[in-house]
Amino acid sequence: MEIVISKQLLNRIGNEVIDRIISNTQSGKDINEQPFERYSNNPLYIPAGALFAPGWKTTGKKLIKSKDAEYRRKKGGKYWVIIPGGYAKLKSSRFPQDSGKVNLHLTGNMLNSISIVERGNDYIVIGFNNKEAATKAIYHQIMGAGKRKVIRKFLGLPDSEIAEILAGYKPLIAAEVEKLIRIPKNA
Numbered sequence: 001m002e003i004v005i006s007k008q009l010l011n012r013i014g015n016e017v018i019d020r021i022i023s024n025t026q027s028g029k030d031i032n033e034q035p036f037e038r039y040s041n042n043p044l045y046i047p048a049g050a051l052f053a054p055g056w057k058t059t060g061k062k063l064i065k066s067k068d069a070e071y072r073r074k075k076g077g078k079y080w081v082i083i084p085g086g087y088a089k090l091k092s093s094r095f096p097q098d099s100g101k102v103n104l105h106l107t108g109n110m111l112n113s114i115s116i117v118e119r120g121n122d123y124i125v126i127g128f129n130n131k132e133a134a135t136k137a138i139y140h141q142i143m144g145a146g147k148r149k150v151i152r153k154f155l156g157l158p159d160s161e162i163a164e165i166l167a168g169y170k171p172l173i174a175a176e177v178e179k180l181i182r183i184p185k186n187a
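Take the sequence shown: its letter number 154 is residue 154 in our numbering, and every next letter is one higher.
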């Protein structure tokens, strides 16, 4: 006899896994419950237009006003901005409430794109519903992000959390199995 856990229960388990991955990442912890490697303090050069794009104007103005960034003209006449404090300064200016914590959140696009991307009769696959987010994740998880090629493994859960999830769903799984094989109460 083949016992298949219902799709609804698999979805619940998958969504809990996703919630925990996002929560761990936002708290600044990798899959081994260790803090992520710090963001770079090396000077960052970005096109001026990117720093003053919608959603970034306040950050751009704040960095220029505080002299944490300055304009540079590149060959060809285009303006760039140099941020001597690097990506770390850019991120802390944009999200001061994070207190410099590395949480892989800049636009929210990558973490918000984690979802159940495939469902089978007895499995689910967690991935990204957005190609750009999946590409960012590949850099963080496998190839290394930035010039230093820093790997920040965030996809997955520590063994302790997997054990917690399994323990939490064990009664529901047992109830489903019991319905399928109809164990007599007097047995």
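Don't take every hint at face value.
Claimed, not checked - Heads up, simulated SDA-like pairs for lysine to any residue below, C-alpha to C-alpha not over 25 Å straight-line:
no., residue 1, residue 2
1, 170, 115
2, 101, 118
3, 67, 92
4, 153, 47
5, 136, 8
6, 29, 47
The set of hints was computed from the structure by calculation and includes no laboratory data.
A quick look at each hint next to the structure:
no., hint, in the structure
1, 170 with 115, "holds, 23 Å"
2, 101 with 118, "violated, 32 Å"
3, 67 with 92, "holds, 15 Å"
4, 153 with 47, "violated, 29 Å"
5, 136 with 8, "violated, 30 Å"
6, 29 with 47, "violated, 31 Å"
In this structure, the hints that do not hold are numbers 2, 4, 5 and 6, in rising order.
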